[in-house]
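When you get a sec, could you build the whole thing from the sequences and use the hints?
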Amino acid sequence: MSLSISISNDDGKPCFLPGSPVLGVVKLVTYDDQPIGELSITFRGRASVLLIHSYGDMTTSRKDYQSVGYLFSQHLNLYRGKYTHRKGSYMWPFAFCIPLAAAPRAVAPNSTDFFHAEHPWKNDRPLGSHPLPPSMSHGGRFHCSINYTLEATLAQPARTPLSSSKTLTASKEVRVQPLPSQVDWDSEGDWPYSNYRHRLQYIMKDVSESPSPRGLLSHVSHGFWGKKSDDRKRLEICISVRVPKRVLLTEQPLSLIVSASACSITKGSQPENVSLGNQLTITQFKMSFWQHTHVRAGRHHASSTRRVFVRKSSSHLVVSETPSLGSWQEGQSEAQSGSSVTATSLSDMVDLSLPTAILTPDFSTYNIARSHSLEMTFKMQYLNKKFKFCPGNIPIRLLPAKCVPQEGPTLDTQLTNVSVSESDLREGWMVFSPGENLSTDDDVANILLEEPPPQYRA
Numbered sequence: 001m002s003l004s005i006s007i008s009n010d011d012g013k014p015c016f017l018p019g020s021p022v023l024g025v026v027k028l029v030t031y032d033d034q035p036i037g038e039l040s041i042t043f044r045g046r047a048s049v050l051l052i053h054s055y056g057d058m059t060t061s062r063k064d065y066q067s068v069g070y071l072f073s074q075h076l077n078l079y080r081g082k083y084t085h086r087k088g089s090y091m092w093p094f095a096f097c098i099p100l101a102a103a104p105r106a107v108a109p110n111s112t113d114f115f116h117a118e119h120p121w122k123n124d125r126p127l128g129s130h131p132l133p134p135s136m137s138h139g140g141r142f143h144c145s146i147n148y149t150l151e152a153t154l155a156q157p158a159r160t161p162l163s164s165s166k167t168l169t170a171s172k173e174v175r176v177q178p179l180p181s182q183v184d185w186d187s188e189g190d191w192p193y194s195n196y197r198h199r200l201q202y203i204m205k206d207v208s209e210s211p212s213p214r215g216l217l218s219h220v221s222h223g224f225w226g227k228k229s230d231d232r233k234r235l236e237i238c239i240s241v242r243v244p245k246r247v248l249l250t251e252q253p254l255s256l257i258v259s260a261s262a263c264s265i266t267k268g269s270q271p272e273n274v275s276l277g278n279q280l281t282i283t284q285f286k287m288s289f290w291q292h293t294h295v296r297a298g299r300h301h302a303s304s305t306r307r308v309f310v311r312k313s314s315s316h317l318v319v320s321e322t323p324s325l326g327s328w329q330e331g332q333s334e335a336q337s338g339s340s341v342t343a344t345s346l347s348d349m350v351d352l353s354l355p356t357a358i359l360t361p362d363f364s365t366y367n368i369a370r371s372h373s374l375e376m377t378f379k380m381q382y383l384n385k386k387f388k389f390c391p392g393n394i395p396i397r398l399l400p401a402k403c404v405p406q407e408g409p410t411l412d413t414q415l416t417n418v419s420v421s422e423s424d425l426r427e428g429w430m431v432f433s434p435g436e437n438l439s440t441d442d443d444v445a446n447i448l449l450e451e452p453p454p455q456y457r458a
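For the sequence shown, my numbering begins at 1 and goes up steadily by one.
Take the hints with a grain of salt, since some may be wrong.
[Unchecked claim] Restraint ranges, calculated between C-beta atoms of paired labels, are given here:
1. S171 <-> D348: 45 to 51 angstroms
2. R105 <-> T356: 58 to 64 angstroms
3. H143 <-> R197: 16 to 22 angstroms
4. E118 <-> D64: 19 to 25 angstroms
5. R62 <-> D113: 22 to 28 angstroms
6. T283 <-> N393: 51 to 57 angstroms
7. R105 <-> T169: 22 to 28 angstroms
8. S315 <-> P120: 18 to 24 angstroms
[Said to hold, decoys possible] No more than 27 angstroms apart at the CA atoms, straight line, and that leaves these computed lysine-lysine pairs for DSSO-like:
9. K87 <-> K172
10. K286 <-> K386
11. K172 <-> K63
12. K312 <-> K286
Simulated from the structure, these hints should not be mistaken for lab results. Fair warning: this is a prediction, and the values are worked out from it, not measured in the lab. Backbone N, C-alpha and C define an ideal beta-carbon position, used for all residues, glycine too.
Have a look at this one:
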């Protein structure tokens, strides 16, 4: 005797979304006559954490701390009776709906299961909406996972008054992808990009000469010239890197923009713009994408930082010149700056697409929180001068991709698309719970029996 669960997206469709139905059947295969007392199925979501603290020898000084945060739980009774079923295949349809948010938890503040307010996790105090986190799993120094599980339980009646009933279980994971929150996009007055700047200064040999390879000196060589360094003309190069604060988790490349401007600075006079003449070049670029996971189990905390992927390139890329970097300031448009802005996209020299298969959006739940950051390394050259700068620990929020509702099949049509082979349908029967009032308006009851079920024996 075997028990299994099939759902409507077993054919490789994308993950389920909050608010979408989960349709499927529970299939029972018996090889001889078997009594069935009760069949039920539960759909639950939970966030689990296991912390392993060891102090020396793992066998003598190991202490485990566990934490489970229940997101929701739904239950259905598919069958209840005392009949003996003939050998064959039986199928019971079911339908659940993934909630839009986690169910409220009624837990006493002094209970060990109560989650207190502590950044960056959710807690049991606020009554607002708690968005469902995405399905995920993490291993290493600690283990944590967010699972949405269908679990069917079949209980056979006891054969004798002194014997215990036998149970048979089957489970199936349902992958859930969260919806983007409107709060993440309603950024009133919030500039969606962050600017990271790097400034360089060089001493020019002659005031009347424009910058040349022989006229660029570092600050170490200031004292070798006849004039004091304060009286000499300096060339200041300002490099700006624009990084988005929020990114949709799609296969589209990251929008990383770099630009530069230069001006000559002389003591006692106003700075004057100087053309770089397409001489500023990126010779090497490297981007590291980091994943930060924070968990808690009671008063015990742990965190993990992993480098998820790296993008790098040694191709040369000329940096576009911007007349004034003031146009890159937050909240200031191109029209307000009064000068046209030209910039260089780093996607022209390296692949900046995100590996969506190994990434999950940023989220926070009762005992697990995840965030991401960037780290970049630039090696650049201006004429014969080489330099390097590394903006790091740049926070970036990964948001789930926007999903536009499409006109798809109705619930009745989706039930017919459940991943069950035609041979199973010919050999099996759709069985409904006896004694229940089945209406033609019921979603599940719209499935009609193509042939009568086998006779039961009491």
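Results for each hint:
1. A hinted range of 45 to 51 angstroms holds for the C-beta pair S171 and D348, which are about 48 angstroms apart.
2. Our hint of 58 to 64 angstroms for R105 and T356 is violated, since their Cβ atoms are close to 31 angstroms apart.
3. Between H143 and R197 the beta carbon distance is about 41 angstroms. The supplied range of 16 to 22 angstroms is therefore violated.
4. Restraint check, E118 to D64: a C-beta distance of roughly 21 angstroms satisfies the suggested window 19 to 25 angstroms.
5. In this structure, R62 and D113 meet the distance hint of 22 to 28 angstroms, their C-beta atoms being roughly 24 angstroms apart.
6. In this structure, T283 and N393 break the distance hint of 51 to 57 angstroms, their C-beta atoms being roughly 24 angstroms apart.
7. Look at R105 against T169: about 26 angstroms separates their beta carbons, and that is inside 22 to 28 angstroms.
8. Hint check: S315 to P120, Cβ distance near 38 angstroms, so the stated range 18 to 24 angstroms is violated.
9. Between K87 and K172 the CA atoms are separated by roughly 24 angstroms; this keeps the pair inside 27 angstroms, and the hint holds.
10. Simply put, K286 and K386 have alpha-carbon atoms about 16 angstroms apart, close enough for the 27 angstroms limit, and the pair holds.
11. Proximity of K172 to K63 is assessed by CA-CA distance (about 31 angstroms); at most 27 angstroms being required, the pair is judged violated.
12. Restraint check: the Cα-Cα separation between K312 and K286 comes to about 4 angstroms, which is no more than 27 angstroms; the hinted pair holds.
Against the hints set out earlier in the document, violations occur for numbers 2, 3, 6, 8 and 11.
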